[in-house]
Amino acid sequence: MIDNMQRILVIGSPGAGKSTFARQLSQICSISLFHLDKEYWQEGWIAPSAEEWQQKLSTLTNQSSWIIDGNYGSSLPQRLEKADTVIHLYIPTYICLFQAIIRIAKWHGKQRPDMALGCYEKINFDFLRQIIKYRKYQFKKDKLLLDDFDGNYIQLTSRTAMKVFLQKIAHSDKHNH
49 MIDNMQRILV IGSPGAGKST FARQLSQICS ISLFHLDKEY WQEGWIAPSA
99 EEWQQKLSTL TNQSSWIIDG NYGSSLPQRL EKADTVIHLY IPTYICLFQA
149 IIRIAKWHGK QRPDMALGCY EKINFDFLRQ IIKYRKYQFK KDKLLLDDFD
199 GNYIQLTSRT AMKVFLQKIA HSDKHNH
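Here the sequence shown is numbered in our numbering, starting from 49 and rising by one per residue.
Hints listed in this document are in silico derivations from the structure and should not be mistaken for laboratory results.
The structure presented is a predicted model; accordingly, all values stated were derived computationally and were not measured.
There may be inaccurate statements among the hints.
Unchecked claim - The list that follows gives simulated cross-link-like pairs (lysine to any residue, SDA-like), each with its CA atoms no further than 25 Å apart:
1) Lys-154 x Ile-180
2) Lys-86 x Gly-157
3) Lys-216 x Lys-188
4) Lys-130 x Trp-89
Use the sequences and the hints to build the structure in full.
In structure tokens form, the structure reads like this:
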């Protein structure tokens, strides 16, 4: 199963568990992991210029293998062009909200390991609004792009499905080596 998965996008609503899932997948597959939040933001929540961001994405996606987690819808076409697999964590909104609130409580005022230097977790109502609107707006836009994607498309709709998928990958990876 892993043999045909070398350039993997992990997408989904904020709070779906993309970073944790991608980290586990990276460990199982021994493929380099890039968190878009960590790659995008500069110290102190400074956004890069459009040119800098395009260059950074090109550098990442031109590598022979990678796992990239994160949404950043405007860059999805560029990432899809290079990806062979999309794993979409299509987790119910209420679970994503719950997970996001737990994450904010746990990391408030601290820097998460999947975040850029000097970007400390904070309460952000725009972030919570993104979660609430994800299925109605962002996913509909992403779906149009995903409809044209000719690689592997895997949609996981629960924590259990995510766990089972990782176990299958781990099991098949052991037998392929």
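Going down the list of hints, with the structure as the test:
About 21 Å separates the Cα atoms of Lys-154 and Ile-180, which keeps this hinted pair within 25 Å; it holds. Taking the CA atoms of Lys-86 and Gly-157, the gap is about 16 Å. The hint holds against a cut of 25 Å. For the given pair, Lys-216 sits about 29 Å from Lys-188 by alpha-carbon distance, which is inconsistent with the 25 Å threshold. The suggested pairing of Lys-130 with Trp-89 holds, with an alpha-carbon distance near 22 Å, which does not exceed 25 Å.
In summary, the structure is inconsistent with hint 3 from the numbered list given earlier, while agreeing with all the others.
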